[in-house]
Amino acid sequence: MDLSSLLPQTVDNEIIAYKDSTYELVSKVAYLIGVPKRIFENEHEAPRLEIYEKLEKDKTARIVRNLCLIRTSIERNFKYINDAMRTEYKSILSLPEYVPAESINQLSLDGVSFIKKSSTKLAQHIVEINRLLSDRINNCKSLFPLWINWQYIKDLFIMPNGLSEQGTKDAAELYYSNLSRYPYQVYINWNPQDEGNILYNDKKFVTLLYRWHDDYFCEMSKVSDAGTYVKSNIYDYIDESDKAVVVVDCENSDPYKLVATLKNLNEEYTQKIASIILFDDEHTASAWRILEQFTQIPVEHIMIERVKQSKSLVDIMLTARACQEHYTNNVDSFIIVSSDSDYWGLIRSLPQARFLVMIEREKCGPDMKAALVSAGIFFCYIDDFFSGNAEEIKHSALFREMYRYIDNTVNLNVNKMFDDALRATRIDMSDSEKNQFFHRYIRTLQMSISENGDVILDFKRKLYN
13 MDLSSLLPQT
23 VDNEIIAYKD
33 STYELVSKVA
43 YLIGVPKRIF
53 ENEHEAPRLE
63 IYEKLEKDKT
73 ARIVRNLCLI
83 RTSIERNFKY
93 INDAMRTEYK
103 SILSLPEYVP
113 AESINQLSLD
123 GVSFIKKSST
133 KLAQHIVEIN
143 RLLSDRINNC
153 KSLFPLWINW
163 QYIKDLFIMP
173 NGLSEQGTKD
183 AAELYYSNLS
193 RYPYQVYINW
203 NPQDEGNILY
213 NDKKFVTLLY
223 RWHDDYFCEM
233 SKVSDAGTYV
243 KSNIYDYIDE
253 SDKAVVVVDC
263 ENSDPYKLVA
273 TLKNLNEEYT
283 QKIASIILFD
293 DEHTASAWRI
303 LEQFTQIPVE
313 HIMIERVKQS
323 KSLVDIMLTA
333 RACQEHYTNN
343 VDSFIIVSSD
353 SDYWGLIRSL
363 PQARFLVMIE
373 REKCGPDMKA
383 ALVSAGIFFC
393 YIDDFFSGNA
403 EEIKHSALFR
413 EMYRYIDNTV
423 NLNVNKMFDD
433 ALRATRIDMS
443 DSEKNQFFHR
453 YIRTLQMSIS
463 ENGDVILDFK
473 RKLYN
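Sequential numbering from 13 applies to the sequence shown in the numbering used here.
Quick caveat, the hints were computed from the structure, so don't treat them as lab data.
Every residue, glycine too, gets a C-beta built ideally from N, C-alpha and C.
It is possible that part of the hints are untrue.
[What the hints assert, rightly or not] No more than 25 angstroms apart at the CA atoms, straight line, and that leaves these computed lysine-lysine pairs for DSS-like:
#	residue 1	residue 2
1	66	49
2	275	31
3	284	255
4	269	284
5	66	166
6	66	375
7	275	406
8	49	166
9	133	91
10	243	181
11	49	71
12	255	243
13	243	275
14	49	128
15	375	275
16	71	166
17	243	381
18	71	133
19	269	243
20	166	153
21	31	381
22	428	375
23	91	166
24	406	153
25	153	71
26	323	375
27	269	255
28	375	406
[What the hints assert, rightly or not] Label pairs and their in silico Cβ distance ranges:
#	residue 1	residue 2	range
29	423	374	38 to 44 angstroms
30	70	363	50 to 56 angstroms
31	164	305	29 to 35 angstroms
32	128	203	28 to 34 angstroms
33	161	464	23 to 29 angstroms
34	320	353	35 to 41 angstroms
I would like the entire structure built from these sequences, with the hints used as guidance.
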């Protein structure tokens, strides 16, 4: 059977299975493992040049990349380098045709050297590179988001039993016999399989990465973005508007998904949006209060008080304000961000206005979707936009709430504590003695956290015998 006839179908299936993916993770991994720059410069390849250029300015990433580049070069040309060192007494520094001199030079500029006088065998150089990678790979952890399992990424760089010559020999044999299966023929630690290009895009990469560890990656919104069709409709809608406003029902939408959506739309179009109006309630996520920090679009945040605690007035206020914007401020186009069907009444009451609706997949019922389709109103799911870039607002919201909790819960003044201790113990100290005691002991106050999360404060001091 001619297997080549199956290739186009396989490629088509892969395109369908992993469509609308991002390329952030594969670009970072490709840079770190030492994929050649020409691959990044090829617009038809997955790794993105802008990420290469960004990481090239990061010393920790640059060191790991150059160590991996050299390791791959040695593994690929081991016989030739070994023969030259053994029979011609050449050093690894004098073989630029096999080992990239620019990588060695850059490592030297970054204060790293894998060449030791005691390393008389080529395999010993690989052992030293493996040791350096083991020591330094964790420095790159911050380059990756919290939602990806760092240990799975880290494992790609750690050669099994790589601190022994036998381990380097075993790795070389596996590499040689499966060279075409390695991503861009660059060495990584994995069990080579016929997976095609594992760095095809983020969707494929994380799917395989987790599968190799008998795990399953289930947060696909972190590695996918809304397709061209969805974005084109949004862009056309904004382009055809005289004045567009985004109105947000904070009770029936998600601040993190909205920020992700805005971040993944072309600024050329979002800058044409006049404003975002948030209709908020005291029972919604606190992140709505800081959304304006994460978009260039002017944001008006309206906190709506409840007259009756069991009844929200958000929908009424949003409807009233939308009518005002249309009739008074000449807004002809609205982007409604809500999964609530109550706004169908607003849409029907403004026949001269244009509407686009952004909903959440699990929160909007089929009747509302059918009504929108029947009326020719485009709607899209904010769940479908790449959410991996919403970490910043999530962390900001978390820290904001934690600082608020600390302010409300913890009230410790060490000056008052010291005065109370002196009074309770009936100890008299001169001002000089107090000052010395304060700087020697009280300023050493340290915090630790127990396994169950309790905060423990203690002084760093020497006990008397």
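Here is how each hint holds up against the structure:
no. : hint                             : result
1   : 66 with 49                       : holds (13 angstroms)
2   : 275 with 31                      : holds (20 angstroms)
3   : 284 with 255                     : holds (8 angstroms)
4   : 269 with 284                     : holds (21 angstroms)
5   : 66 with 166                      : holds (20 angstroms)
6   : 66 with 375                      : violated (38 angstroms)
7   : 275 with 406                     : holds (14 angstroms)
8   : 49 with 166                      : holds (22 angstroms)
9   : 133 with 91                      : holds (12 angstroms)
10  : 243 with 181                     : violated (51 angstroms)
11  : 49 with 71                       : holds (17 angstroms)
12  : 255 with 243                     : holds (19 angstroms)
13  : 243 with 275                     : holds (12 angstroms)
14  : 49 with 128                      : violated (28 angstroms)
15  : 375 with 275                     : holds (22 angstroms)
16  : 71 with 166                      : holds (18 angstroms)
17  : 243 with 381                     : holds (19 angstroms)
18  : 71 with 133                      : violated (29 angstroms)
19  : 269 with 243                     : holds (15 angstroms)
20  : 166 with 153                     : holds (8 angstroms)
21  : 31 with 381                      : holds (24 angstroms)
22  : 428 with 375                     : violated (53 angstroms)
23  : 91 with 166                      : violated (28 angstroms)
24  : 406 with 153                     : holds (19 angstroms)
25  : 153 with 71                      : holds (13 angstroms)
26  : 323 with 375                     : holds (20 angstroms)
27  : 269 with 255                     : holds (24 angstroms)
28  : 375 with 406                     : holds (21 angstroms)
29  : 423 with 374: 38 to 44 angstroms : holds (42 angstroms)
30  : 70 with 363: 50 to 56 angstroms  : holds (55 angstroms)
31  : 164 with 305: 29 to 35 angstroms : holds (32 angstroms)
32  : 128 with 203: 28 to 34 angstroms : holds (31 angstroms)
33  : 161 with 464: 23 to 29 angstroms : holds (25 angstroms)
34  : 320 with 353: 35 to 41 angstroms : violated (22 angstroms)
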